[in-house]
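Listed below are the residues making up each chain.
4 protein chains.
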Amino acid sequence: MGLVFEQIKTEGLAQLSYLVGDDSAGVAAIIDPRRDVDIYLEKARVAGVRITHIIETHIHADFVSGSHELQARIGAKICGGKSLDYQFELQQLTQGDEIELGKVKLQVLHTPGHTPEHITLQVFDAQQGEQPFGIFTGDTLFNLDVGRPDLSGTGTEKELASKLYHSLFDVLVPLGDRVEVYPCHGAGSACGKSIGDRAQSTIGNERIFSDAFQKRSEAEFIDWILGDLPEAPRYYFRLKKVNAQGAKVTGCVPTLQPLSPADFQAAMEDENTLVIDTRSMLAFGGGHIPGAINIGFGSSFTNWIGWIIDADKKLLLVTEDTHDVTLVTDYLYRIGYDNLFGYLRNGMSSWSKAGLPLQHLGEWSVHELNEHLEQVTVLDVRSDSEYAKGRIPGAKHIYVPHLEENFEKLDKTQAIATYCGSGYRASIAASLLEKNGFENVINIPGSWSAWKTAGLPVEQ
Amino acid sequence: MGLVFEQIKTEGLAQLSYLVGDDSAGVAAIIDPRRDVDIYLEKARVAGVRITHIIETHIHADFVSGSHELQARIGAKICGGKSLDYQFELQQLTQGDEIELGKVKLQVLHTPGHTPEHITLQVFDAQQGEQPFGIFTGDTLFNLDVGRPDLSGTGTEKELASKLYHSLFDVLVPLGDRVEVYPCHGAGSACGKSIGDRAQSTIGNERIFSDAFQKRSEAEFIDWILGDLPEAPRYYFRLKKVNAQGAKVTGCVPTLQPLSPADFQAAMEDENTLVIDTRSMLAFGGGHIPGAINIGFGSSFTNWIGWIIDADKKLLLVTEDTHDVTLVTDYLYRIGYDNLFGYLRNGMSSWSKAGLPLQHLGEWSVHELNEHLEQVTVLDVRSDSEYAKGRIPGAKHIYVPHLEENFEKLDKTQAIATYCGSGYRASIAASLLEKNGFENVINIPGSWSAWKTAGLPVEQ
Amino acid sequence: MGLVFEQIKTEGLAQLSYLVGDDSAGVAAIIDPRRDVDIYLEKARVAGVRITHIIETHIHADFVSGSHELQARIGAKICGGKSLDYQFELQQLTQGDEIELGKVKLQVLHTPGHTPEHITLQVFDAQQGEQPFGIFTGDTLFNLDVGRPDLSGTGTEKELASKLYHSLFDVLVPLGDRVEVYPCHGAGSACGKSIGDRAQSTIGNERIFSDAFQKRSEAEFIDWILGDLPEAPRYYFRLKKVNAQGAKVTGCVPTLQPLSPADFQAAMEDENTLVIDTRSMLAFGGGHIPGAINIGFGSSFTNWIGWIIDADKKLLLVTEDTHDVTLVTDYLYRIGYDNLFGYLRNGMSSWSKAGLPLQHLGEWSVHELNEHLEQVTVLDVRSDSEYAKGRIPGAKHIYVPHLEENFEKLDKTQAIATYCGSGYRASIAASLLEKNGFENVINIPGSWSAWKTAGLPVEQ
Amino acid sequence: MGLVFEQIKTEGLAQLSYLVGDDSAGVAAIIDPRRDVDIYLEKARVAGVRITHIIETHIHADFVSGSHELQARIGAKICGGKSLDYQFELQQLTQGDEIELGKVKLQVLHTPGHTPEHITLQVFDAQQGEQPFGIFTGDTLFNLDVGRPDLSGTGTEKELASKLYHSLFDVLVPLGDRVEVYPCHGAGSACGKSIGDRAQSTIGNERIFSDAFQKRSEAEFIDWILGDLPEAPRYYFRLKKVNAQGAKVTGCVPTLQPLSPADFQAAMEDENTLVIDTRSMLAFGGGHIPGAINIGFGSSFTNWIGWIIDADKKLLLVTEDTHDVTLVTDYLYRIGYDNLFGYLRNGMSSWSKAGLPLQHLGEWSVHELNEHLEQVTVLDVRSDSEYAKGRIPGAKHIYVPHLEENFEKLDKTQAIATYCGSGYRASIAASLLEKNGFENVINIPGSWSAWKTAGLPVEQ
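Residue numbers (this note's numbering), protein chains in the order written: chain A, 1 to 460; chain B, 1001 to 1460; chain C, 2001 to 2460; chain D, 3001 to 3460.
Simulated from the structure, these hints should not be mistaken for lab results.
For every residue, glycine included, the Cβ atom is placed at its ideal position computed from N, Cα and C.
A hint or two may mislead.
Unchecked claim - Pairs of lysine to aspartate or glutamate, EDC-like flavour, derived with a Cα cap of 20 Å: (1) A:K248 <-> A:D338; (2) A:K241 <-> A:E89; (3) C:K2215 <-> B:E1130; (4) B:K1077 <-> A:D263; (5) A:K409 <-> A:D384; (6) B:K1248 <-> B:D1330; (7) B:K1043 <-> C:E2011; (8) A:K43 <-> A:E6; (9) B:K1396 <-> B:E1386; (10) C:K2043 <-> D:D3330; (11) D:K3103 <-> C:D2263; (12) A:K43 <-> B:D1330; (13) C:K2452 <-> C:E2386; (14) A:K313 <-> A:D330; (15) A:K9 <-> D:E3042; (16) A:K77 <-> A:D38; (17) D:K3077 <-> C:D2263; (18) B:K1396 <-> B:E1459; (19) C:K2396 <-> C:E2408; (20) C:K2077 <-> D:D3263; (21) C:K2009 <-> B:E1006; (22) D:K3009 <-> D:D3330; (23) B:K1215 <-> C:E2130; (24) C:K2043 <-> B:E1011; (25) B:K1043 <-> C:E2006; (26) B:K1215 <-> B:E1159; (27) B:K1043 <-> A:D321; (28) D:K3435 <-> D:E3271; (29) D:K3043 <-> C:D2330.
Said to hold, decoys possible - Listing some non-contacts, in silico: residues in chain A with all C-beta distances to chain C over 12 Å: (30) L41; (31) K77; (32) G96; (33) D97; (34) E98; (35) K193; (36) D223; (37) V249; (38) V253; (39) K314; (40) E374.
Please take these sequences and the hints and turn them into a complete structure.
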């Protein structure tokens, strides 16, 4: 009996939230909850603790916070850093503030940088001694990475980068090597440039393993962090607003209804709808509904949905099977896509059986691409930095989120082969091209990864 | 592909609801949904059908209907029999009305008796042929029993009994022996006098096995059905009103919070609270919080909660373990107990460790009772008909739901041993006696069942 | 308390097994268990009954019986009909034998026809009265169908058809319309010609709805049942032997290991291995491992695996995702494919990224096929009776299980478009053609269903 | 993609095992598996890794290792430290040995102390850098504690204590404060004297928080660790032998069968059987089967079963409900109690209803005890060190595992009130006394915890 400490991983968001408390006193806090909150209630029940505090380390940009949902269910207090941005009532915490959870205590450090109001929470447990054993770092410090200072979209990145330097070097490092680090994100999140595989670390491990800590001066650090920043996903600005206002309470994840091929087709006629095909690229290539956009369900699904798909559109979903429907719905809910119209019942099989039209994409292996290199326009849809490091000879380059505003740079009558790192983004790109009138589009499964492994010629 | 047909059993209510539809057309109806509706959404998803209709065979008295909850989640249409009692918009169905669900069709029979507006639904499936293969009988016809006509509490039982006779003999029997019967309740529900163990039957099986169908005339039938009716649970009148109005939508089952012994004790001081101890009788006897009422969690939990506990009271729960908390919460939700304050964290173990007072009940085997028969007042808390069939020599008799208004018939200074069929109701009674100042109360685990099995003397 | 009665559906086999017993006495039997038996143990635990008898209505041909697995776990007695075929100790039951399960009783009827030793079990429950309320009919009587008499492969079908006639008309029909029918199979099983959608029925419903019962004489019945029998799946003969001997006990479903693309490729070099690609046809068409056979995971997966794939081959699996791996493994286990080598880790995505070769199939909508009808050989791979009822003009016909012995009838240098009812079997056929050197193979998703729905020209 | 790292907690054993590997390479190891191994197979499947190595940090004494069970399922290699004790083939690892798991590497440190062959594994991940980020410490180092050197029962504790000192101070501490510590046990395990609440730590956190590291010299350390060692649970010697031999493979956790009261009673007549009542103390006190031993199901269940119950006895179980049966069975399986006969169907309710005899224990609150202190012998069954720190005035003292050999020190005709820390062990003791002829036994729920909280007089 004593400390309760659980990390909850949310796969599609590469997000980490926490239940921390004291089961002797029977109280606990949730740190950085996601929007579908049942898991926290269940874990609290099993642990025998009452959730008394819901704490936001900062205003999240990459997912809808579950704080209001949780509060609606159990009435706990929402706490966060000090900021004028919050448009709802919460307990604003400043440096040194303490939250008592029985013999466990959270003490606030102000660690601006990723955002101005960002706080880090030190965890004290009377059983362990008088020092904190660990810290909840939110998006200040990750495994092998630190929080990006450029996600607010307000041009404050340099100022925030400077603050981040001081948060890291003057606030966190002095806590000592031994202190455990519990961040808000793992590998795959765009809140860092390139977060490592581990869901936790120590100050010392980061100090010696992480590039960020190898910088000799503030200037060098700022140069480094702002130097090759990937572009901020555009939906981050939207979600920041949602969270600053406090997300609308829905009570539960919405239930999506199945649509017959006929009903699905009818719904497509509304200009405001989009068909999202969440199947794998090979299945999409084999045959899909004309006009569908292929964003395959998987770990980066939410990222590309967020970036490519307008949250105001009404979505029609195509999934590989019924099992995927609930997963996809959960993922969309977590990033605030609440305008879901339905999904195609029994998937593409029912569409085909109804005698409805199919569209196809070529799905060429890299060997096939290499053989036909002269006959196609090769389009690299990776980010600038990936492109810069090496590419297929002669490839044009448009980063996938910018494709829609750059169609005019491409020739609709020419065959176009799209590639990225693995084929995933290339398939998004291929579907967007096709939807917009390109007649001969080929996707390259395996893409750059396969090209290199196969030892094919590279242009630098 | 074609007919979808699933029976959903809800244990604590002995309730049966149904998903019926056509997965070729992708549509389905829910018949008589319970209040926690996730199970229907999940089953519809797996079956690949959209729920287009929610059908109430009648206005239920024993549970809160989930029709409004379901409608809030997926927007389907609520349908029911024709009645002025309904205080919300619904599609009122009359004899001969049809609901098309692809190649499956539901056709309405008006079968008043249990209630005036009661409908039975015939199920036609084009694949099976032109006749209905079965009927959803709601509370008109159960396995080995028929619906009680006396639950409205408005003195119309004779009239309804007559209608029931005609519904059974003139409407259902003519459908033919082969027709399958899918009722709304199984064994344990008080909507019948003594429902059989089976969750389904056939017209023919009921015609030859069920007492109701052995009656030669309407008069004989009415005499029989009104003859030895057990008393109607009082909460049925309350729930009938709730369902006629349309239950309030909550979105999800409430989450109950754990309370420390100190918080629990503090909450007890509010006069409007009641402590419900859901543990088994032996655990309750071994030690309990002074003033707690013992209604053990199990198949008849909702019935006795409904009957004994005022729905306006704020409830404090004691459970055997944390696992039980969610089950108990579900059960209470299903019968509309929404005023739950919390549960004792870590159960009685935390109470004991906090050095708080314990109260005990004697838990005598029938052999111990037999030895001390002269020293105690023996109180039989079974129903009148059970008591009439045989009892422990010299036992007084008060049916447990009437105990609270009959305390003055008992001597508070005397030792009182309570018994029922198994000890379950006797333990409720014992706890009520103790809470109301009786000083020496003994419960008899095994009770009448044990007494008879042990071959002890019986009074008739 | 009393009767326990649960039907357990096993999807991939369209199989129905039963737990029946008496929870007052605490005993039960399992009827026709499948091989992965955990579900029975769990249901018995929840019901509070000890499994004392395991009953086989007959020697199954379409799945590996779980009787021995169950016996190894809990030591119950195996019972079955009287037959010299059984090569293990069991209690052989003959007409009139009774199995007592507390107040529930099973009484044996000998109902030969589907097999010579087939028994039907009448269920008596003392609570219901003195007559049986229902029967476990095994493969004697299904919804809208009866058991095929030709599955033994020993030329006894005429004799068995005659016996079946008497079992149905002289043994079952006299039980009365009201009697409930609980069969061993539902729609999709090849143990009948065309089993209906319902998992249960009544004698009366079958008597009026089922073709089998419209026959006026034994001769007419025999003509009808043997008249248009679909071919018996060849693996039925193998499984009949397995079950007559008593299947080997394995203790649990095998755990399949993931293989890297390199390990997978290495394993393919062994001549004795086969690659089974369980993805949907569109995904397979989009890109697959050269030489893979496409048998999509779904309700008819076991049937086509059983028919097409040699059980002695070592299998390498490709699945859409990791979630499918356990489902596929369960399904293969149920039909005795124990020689599983592993599955491709991360599916086709890892294969593509490794730069390994991809093969493609054209996946044409029926409209595309119609446009190119002159340029391809159209191959109908449906059964003879399906083909006879109408086809795409000019289509050749080879039933998919006979394709491998009829390759010489087709021209390897010509483009071949395969179709079936939906595209599922056509994709199996297309993959077999491709594996065997056909260079230009096209599958038609939607196939005959789409062709008809689209109103394209038909040849009769 | 890269590092896979999962900690698996096994509640009843306070045990921690690990899946560690590389999902790019698709390989992983399991560290210190428990006997019911399905969880590892499932986690490996989800992670997309093949288990290639099973590693024992040492020969466990407190649970049956799952290494052989796992090997039987998937054929991986078992590895462990170098020891002549192992009586099966395994890969013996010595200082510096490396196990490659893709880009993850485990490197062996020899850290004798808890046992002579004990190894610690350093985890290197190429992504993190060239240093290990953490260590699997087995039973060498826990949160706030270190492994006891006295569990072999061979009188080598002083020698091992010395080795442990060097393992800790000369091998582990030099790795650096930042290094993460992943032990084999958490709070509640008797492999340490008093393990802290955390399931992980860092070298630095232990160095400053743990008593063990405050010792100035080897001699001081040895004095401290051997100074107030609690007695080693006797079953540890048995399990060490089981694990040195390699536990028998069973394939799955056994399925326990329900017994009717009559069958249960009949089985009790066999001298070799014991009735274990796993209900809570209050339920046991309220009424139990004469002769039953009360070891309540919960976190210390396995410890007291192991210590008090002869593993050769045939066990009959009484549980609170059916849900507990599988949990209890799992727990017993994990510590090698394979001789389970069955459980009482429907628990004590069926026993009572059968009219069978009940025995009762008084369950006094501390206030009731205090009032009657003069009339009873008070028996403290806590450990020597607990007793030494303070007790109820006048209490006799026998540590519960020694009770059976010390009955003669107590007067059977006198009322005896047993207490411990919470009442849990006192109830074991009370049931043992009663089973052995003591006629008036009272248990004290809350026990010492309640006595102190209530401010009652204490003797030191």
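Structure-based check of each hint:
1. A:K248 <-> A:D338: holds, 10 Å
2. A:K241 <-> A:E89: holds, 15 Å
3. C:K2215 <-> B:E1130: Status holds; Cα separation ~19 Å.
4. B:K1077 <-> A:D263: holds, 18 Å
5. A:K409 <-> A:D384: holds, 17 Å
6. B:K1248 <-> B:D1330: holds, 16 Å
7. B:K1043 <-> C:E2011: holds, 15 Å
8. A:K43 <-> A:E6: holds, 8 Å
9. B:K1396 <-> B:E1386: holds, 13 Å
10. C:K2043 <-> D:D3330: Since the Cα atoms of C:K2043 and D:D3330 sit roughly 18 Å apart, the hinted pair holds (cutoff 20 Å).
11. D:K3103 <-> C:D2263: holds, 17 Å
12. A:K43 <-> B:D1330: holds, 18 Å
13. C:K2452 <-> C:E2386: OK: C:K2452 and C:E2386 at ~13 Å, within 20 Å.
14. A:K313 <-> A:D330: The given pair, whose Cα atoms are some 18 Å apart, holds under the 20 Å limit.
15. A:K9 <-> D:E3042: Within the cut-off at roughly 17 Å; holds.
16. A:K77 <-> A:D38: holds, 17 Å
17. D:K3077 <-> C:D2263: Holds - the C-alpha atoms of C:D2263 and D:K3077 are around 18 Å apart, at most 20 Å.
18. B:K1396 <-> B:E1459: The given pair, whose Cα atoms are some 12 Å apart, holds under the 20 Å limit.
19. C:K2396 <-> C:E2408: holds, 13 Å
20. C:K2077 <-> D:D3263: Cα-Cα ~18 Å, so holds.
21. C:K2009 <-> B:E1006: Cα-Cα ~12 Å, so holds.
22. D:K3009 <-> D:D3330: holds, 14 Å
23. B:K1215 <-> C:E2130: holds, 19 Å
24. C:K2043 <-> B:E1011: Since the Cα atoms of C:K2043 and B:E1011 sit roughly 15 Å apart, the hinted pair holds (cutoff 20 Å).
25. B:K1043 <-> C:E2006: holds, 18 Å
26. B:K1215 <-> B:E1159: holds, 17 Å
27. B:K1043 <-> A:D321: Measuring from Cα to Cα gives roughly 15 Å; hence the hint holds.
28. D:K3435 <-> D:E3271: holds, 14 Å
29. D:K3043 <-> C:D2330: holds, 18 Å
30. L41: Since the minimum Cβ distance to chain C is about 25 Å, A:L41 lies beyond 12 Å and the statement holds.
31. K77: Check passes; 39 Å lies beyond 12 Å.
32. G96: Since the minimum Cβ distance to chain C is about 47 Å, A:G96 lies beyond 12 Å and the statement holds.
33. D97: It holds; A:D97 is separated from chain C by about 44 Å at its closest Cβ, greater than 12 Å.
34. E98: With a cut-off of 12 Å, A:E98 remains clear of chain C, as the shortest Cβ separation is near 44 Å.
35. K193: It holds; A:K193 is separated from chain C by about 23 Å at its closest Cβ, greater than 12 Å.
36. D223: holds, 34 Å
37. V249: Answer for A:V249: holds, closest chain C Cβ roughly 31 Å.
38. V253: holds, 19 Å
39. K314: holds, 25 Å
40. E374: holds, 20 Å
Of the hints listed earlier, there is not a single one the structure fails to meet.
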